[in-house]
Amino acid sequence: MPAVPVDKSKYHFPLAGSANDGWSNDEEATATCFCGTVQLKFPTQGPGLVKTFICHCTDCRKITASMFASNFTVADTHLTHLRGRENLTTYSQSKTIATGNTMTNYFCSTCGTLMYRVSSGIPGMSILRIGTVDDFHLHETKLKPAVEQFVEERL
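Numbering (UniProt numbering), first residue to last: 1 to 155.
If you anchor each label on the Cβ, the simulated ranges turn out as follows: (1) S94 - T64: 17 to 27 angstroms; (2) S18 - N101: 30 to 40 angstroms; (3) N101 - T64: 16 to 26 angstroms; (4) L82 - D26: 14 to 24 angstroms; (5) V147 - K62: 17 to 27 angstroms; (6) E140 - T64: 14 to 24 angstroms; (7) S18 - S66: 19 to 29 angstroms.
Quick caveat, the hints were computed from the structure, so don't treat them as lab data. Glycine included, C-beta positions come from ideal geometry on N, C-alpha and C.
Make the full structure from the sequences, and use the hints.
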């Protein structure tokens with residue numbers, strides 16, 4: 001079956017996992033785990049949206065089982081758990097690449113999706129995964145990574 005072209009100039013919510021209620025508007029959007037149990041609301045602009053980036057560090061590569069991680073940082077004051085907070089499981093590590101700060105990872109305990117990470121080195125901020133964002137149009141617009149870090153680790 002041939003690929004259908006996507007109009008990337010507007011909202012785009014492809015079938016992905018079990019959730020089908022993601023949304024976005026000019027100021028906010030949702031991020032949902034693969035099974036749909038956990039859903040977050042976050043800002044798509046400042047001051048709540050702080051940074052968009054790709055990370056090549058070995059921690060991000062291991063935790064995502066990928067070659068790099070596509071991330072964005074949100075101020076905790078602007079991050080809302082719409083559902084499933086009680087379904088999040090945490091895993092903390094105190095030996096992290098370069099910093100030595102404790103990094104706590106928040107996963108959906110049903111499907112295993114990594115929803116966000118919190119570092120003791122940047123209090124009041126959460127690092128979300130761009131891949132959990134429901135509106136794929138945002139991946140190439142407001143959430144397009146602006147910088148790369150740990151490029152010396154890039155493969």
